[in-house]
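A.B. asks: Residue strings, one per chain:
2 protein chains.
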Amino acid sequence: MAASVFGRRARLRAIGLTAFALSAMASGMALAQSHDRASIQAQVAQRHDTAVKALQEWIALPSIAAEDLNAKQGAEHMAKLAREAGFQHVEVVDTGGKPGVFATLDAGAATTVGVYFMYDVKQFDPAEWSSPPLEARIVDKPGLGKAMVGRGATNQKGPEMAFLTALHAIRDARQNMPVNLVLVAEGEEEIGSPNIGKVVLRPDVQTALKKSIGVFMPMGLQDPEGAVTVNLGAKGVVELELVADGKTWGRGPSKDVHSSLKAMVDSPAWRLVKALDTLVSEDGNTITVEGFPKPAPLTAEERAQIAKSVGARDEAIARRTLGVPRWIDDLSWEKANERLVSQPTINIEGLVGGYTGPGGKTVLPHRAVAKIDMRLVPPMTRDGAVEALKAHLRKRGYGDIAVNVSGGYDPTTTDAASKLIQAQVAVLRRSGVEPLLWPRLAGSYPGFVFTQPPLSLPAGHFGLGHGGGAHAPDEFFLIESTNPKVQGFDGAVMSYVDYLYELGAAGSGTAAKQAGEAAGG
Amino acid sequence: MAASVFGRRARLRAIGLTAFALSAMASGMALAQSHDRASIQAQVAQRHDTAVKALQEWIALPSIAAEDLNAKQGAEHMAKLAREAGFQHVEVVDTGGKPGVFATLDAGAATTVGVYFMYDVKQFDPAEWSSPPLEARIVDKPGLGKAMVGRGATNQKGPEMAFLTALHAIRDARQNMPVNLVLVAEGEEEIGSPNIGKVVLRPDVQTALKKSIGVFMPMGLQDPEGAVTVNLGAKGVVELELVADGKTWGRGPSKDVHSSLKAMVDSPAWRLVKALDTLVSEDGNTITVEGFPKPAPLTAEERAQIAKSVGARDEAIARRTLGVPRWIDDLSWEKANERLVSQPTINIEGLVGGYTGPGGKTVLPHRAVAKIDMRLVPPMTRDGAVEALKAHLRKRGYGDIAVNVSGGYDPTTTDAASKLIQAQVAVLRRSGVEPLLWPRLAGSYPGFVFTQPPLSLPAGHFGLGHGGGAHAPDEFFLIESTNPKVQGFDGAVMSYVDYLYELGAAGSGTAAKQAGEAAGG
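One line per chain: the protein sequences are A and B, in this order.
End of the first sequence sits at 526 in the numbering used here; the numbers just go up one at a time, nothing left out.
End of the second sequence sits at 526 in the numbering used here; the numbers just go up one at a time, nothing left out.
For the record, the hints were derived by calculation from the structure and aren't laboratory data.
Treat the hints with caution; some may be incorrect.
As the list claims (entries may be wrong) - DSBU-like mimics (lysine-lysine), calculated; alpha carbons at most 35 Å apart, straight line:
(1) B:Lys-216 <-> B:Lys-85
(2) B:Lys-299 <-> A:Lys-400
(3) A:Lys-299 <-> B:Lys-252
(4) A:Lys-252 <-> B:Lys-299
As the list claims (entries may be wrong) - Which chain B residues stay away from chain A? Per the calculated CB distances, all over 10 Å, these:
(5) Thr-55
(6) His-173
(7) Asp-209
(8) His-263
(9) Ser-272
(10) Asn-290
(11) Glu-295
(12) Lys-299
(13) Ala-309
(14) Pro-349
(15) Ile-353
(16) Ala-373
(17) Pro-489
Since the model is a prediction, treat every value here as computed from it, not as a measurement.
For each residue, glycine too, the CB sits at the ideal point set by N, CA and C.
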């Protein structure tokens, strides 16, 4: 499902989400909690080569759940990295699938913060890369600087390594760790986190996370202009296949037969087309599944957030980059974005049936498949959406069409007023970035496991820095920035330092006050 | 389009088309024209090893139009084979595509017969074969005997080599060639004969063919029970792709984008589904394209032919072999076959759009394709059907959906009373086979170029012998039969000897009379 988060993020970034420039993080900025920031920054600089090398070593060990590759080694390496960064309790957790990692760092602080990591990466084909995907070479990126190219560089090892480096630097500078940390890491993010609950909801892990003010995932959030969007939630998603099959149907052939037989034999491919036809309106844009939960309308605040964010984004660039001449219903840029945030979707990811090679082949296929993703908004749930779809197909006489769900999440929502989010806003503002609050990411990530009961915690992403190519060839993470609007690796590390001190202060109630004074000053 | 003929033929054979057993072709059978059949048969036996070796050499040289392989070499080899078999004029014909071959054999006979060859073969993947597809090894086929396994063995080099061997044997036995021959061969049959008219309708070729009583293609027509169906025509076919594309549509993306954007971006894949939905009835079986020509109803004679043929075929075996539990509308075996013969179809050969690999991928595809074949019956034409489809899509608002036709033929019909067909019936009956006349093959072949103006000739297929696996791995042609109901290679050769003498007599008006006397005697 990470495709959703990062694909979407890459997209937002690519279409020039904001026009705000990020001022370089000044050493003289207002500090949220009493600590020697300069000393920490010096340690970050001193550790630079070590951290880059550690990131390269991590990239050299790809864990790919879909390929059953290096799960055990990846979890052990993850545990080692956590241990070295100062987590006192570190444990590989059996999930029945690929193992997770649970770790705690007790700083004796008043505030506890949850951190969500993935140690797995997306599949890759080295033939498509301009630089070997496991070698993590440093290459020049015109307009950006020197970037590390490798699978997992930005999704998610680069930002995660930057976060761990922040912990090293705070310790090396002999500064107090401002928060206690609870780390949960999984090795199945790229296959839809089927066992995330086995880690997060294990009673002792749950108890540890319950103490936290929320959970965040490190992420290089800056677009090339330095702008940062703070997402207040994400749509849910269900990925599934609709399969029409002669055998299940009891009509048509149970293997591909010669197409001339169409005159006397029913066609599962036509059946799939007819069933699909009932799911959406004539224009393909409105869900017509009976019993599908109606989406909650946007609030005035959400509309305002969208209007503000949209005003900072260039529609023409978005259209050109996506190759989309007009939005659904010829909507305005703002209304199209309201639709993006508020409306559920049923999308055809792929159609596969019969002969799919070049030219034609005269077969009557026994089976046809539509690969579907449904994006969900509150109050929909993954299970509710699947049930509604199945009931609809049954009611319309297509009960034989198999609904094979491969993964998915419920929608997730985090209050903008939560400390987790407000600390992000404070850190960004102090660094000269006016963050763009966004009501709901149209993509999806497994935040639901944190935001829903029993945990009911705020959850989000945070981090400066910049990367690209998640799930694609030549994935990269910026190491040394020559672009004054965007942070390199050390700047990303410092964003976590600042966020942790801000959270420590926010949690104890002091930093927010200090920040308010600083802003007012 | 050969897929249609041979796929269908293989199918008919596989479902046990007839229950009639073929008596072994007796040496003492009534002869249609004065000639020393025993002497010819002796030459066939003597030539056996030479002919088998020549067939192996031919198979070793595959001409594959789709892969641009060996067209020139294939045409030259075809010309050489014709020359060696006694054609006095042999010429490679430039068509703009792959070359054809035109050859004439003037025997000073009263009757001229057209012969249609293809020298090209279907693509193949050696990895799928149990025996190398170009080595043409002789292997044991339980229940049949020794068969040659190789690409083109039955489709069409085996039967064609048997026909050429008949010419050799007649000459070697110093017997009079009973007919003049006009041979047209093409190298693009497997891609739908796009240039067949460039060979057949070249003025001098046309003039030569005009003198013939009709055109036949050699083919191993016996099913494993020895039964033979005589087809009196074939459906037409159009193969095409319906393509929904964001760029052409002017809506949706012009490249695949992240699926979360479905909420604001139109989907070409949904558009394809909606357009497809308008083409057929809810059950997928009745064409709802407005303006699509209505098929001519079956005649009483056609119904009788179907009833007779169907009575000789085992429905249970057909259902089991095809894996089809019930026919369209739960029709009876006979009514289903009437539908097979009489109804046009729109079939989905394949659906291809977006992500087609294992699992899912969260994309909104910019393009989706339905591979379609339409089967046509008189009075439909290929061009008429395509025009009706295009007009329908325009009228329904889907004018942006591209209709990319890759090939096709008009339907073709040959009168059962024609000499070409009656000679087949006579030869079969004298060999103890009651031929099953079939009004219209549901598959397709380029017979239209012969049966339509300007030539307006009868056209069909003929030959004993047995093969299988056309277009599939392990294609074979039976060389030495251990099954008394089915002829091996030499028996196939003798079927052409007998057919040529029958045609010579039929053409001159004497053989039919003799045959009638023999049958009455």
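A.B. asks: The structure should be examined with respect to each hint, and the outcome stated for every one.
C.D. replies: These are the hints, each one checked on the structure:
Proposed proximity of Lys-216 of chain B and Lys-85 of chain B is supported: the alpha carbons are some 24 Å apart, at most 35 Å. Annotation: proposed proximity of Lys-299 of chain B to Lys-400 of chain A holds, straight-line Cα distance about 34 Å (limit 35 Å). At most 35 Å may separate the alpha-carbon atoms for a hinted pair to count; Lys-299 of chain A and Lys-252 of chain B meet this at roughly 32 Å. About 32 Å separates the Cα atoms of Lys-252 of chain A and Lys-299 of chain B, which keeps this hinted pair within 35 Å; it holds.
Here Thr-55 of chain B stays apart from chain A, with its beta-carbon at least about 35 Å from theirs, past the 10 Å limit. Chain A leaves His-173 of chain B outside its interface by the beta-carbon criterion, the shortest separation being 35 Å against a cut-off of 10 Å. Taking the minimum C-beta to C-beta distance to chain A, about 33 Å, the non-interface status of Asp-209 of chain B holds against the 10 Å cut. Its closest Cβ contact with chain A, about 4 Å, brings His-263 of chain B to no more than 10 Å, contrary to its assignment away from the interface.
With a least beta-carbon separation of about 5 Å from chain A, Ser-272 of chain B fails to lie farther than 10 Å from that chain, contradicting its non-interface assignment. The beta carbon of Asn-290 of chain B is not kept farther than 10 Å from every beta carbon of chain A, the shortest such distance being approximately 7 Å. Residue-level check passed: Glu-295 of chain B sits 18 Å from the nearest beta carbon of chain A, beyond 10 Å. Residue placement check: Lys-299 of chain B keeps its beta carbon more than 10 Å from all beta carbons of chain A (closest about 15 Å).
At roughly 19 Å from the closest C-beta of chain A, the C-beta of Ala-309 of chain B stays outside 10 Å, upholding its exclusion from the interface. Under the 10 Å C-beta cut-off, the non-interface status given to Pro-349 of chain B relative to chain A is violated; the minimum distance is some 8 Å. For Ile-353 of chain B, the condition that its CB be more than 10 Å from all CB atoms of chain A is violated, with the nearest at approximately 4 Å. At the 10 Å boundary, the C-beta of Ala-373 of chain B falls inside the reach of chain A, the nearest C-beta of that chain being 6 Å off.
For Pro-489 of chain B, the shortest C-beta to C-beta distance to chain A comes to about 29 Å, beyond the 10 Å cut-off, and the non-interface label holds.
Violated hints for the displayed structure, listed by number in ascending order: 8, 9, 10, 14, 15 and 16.
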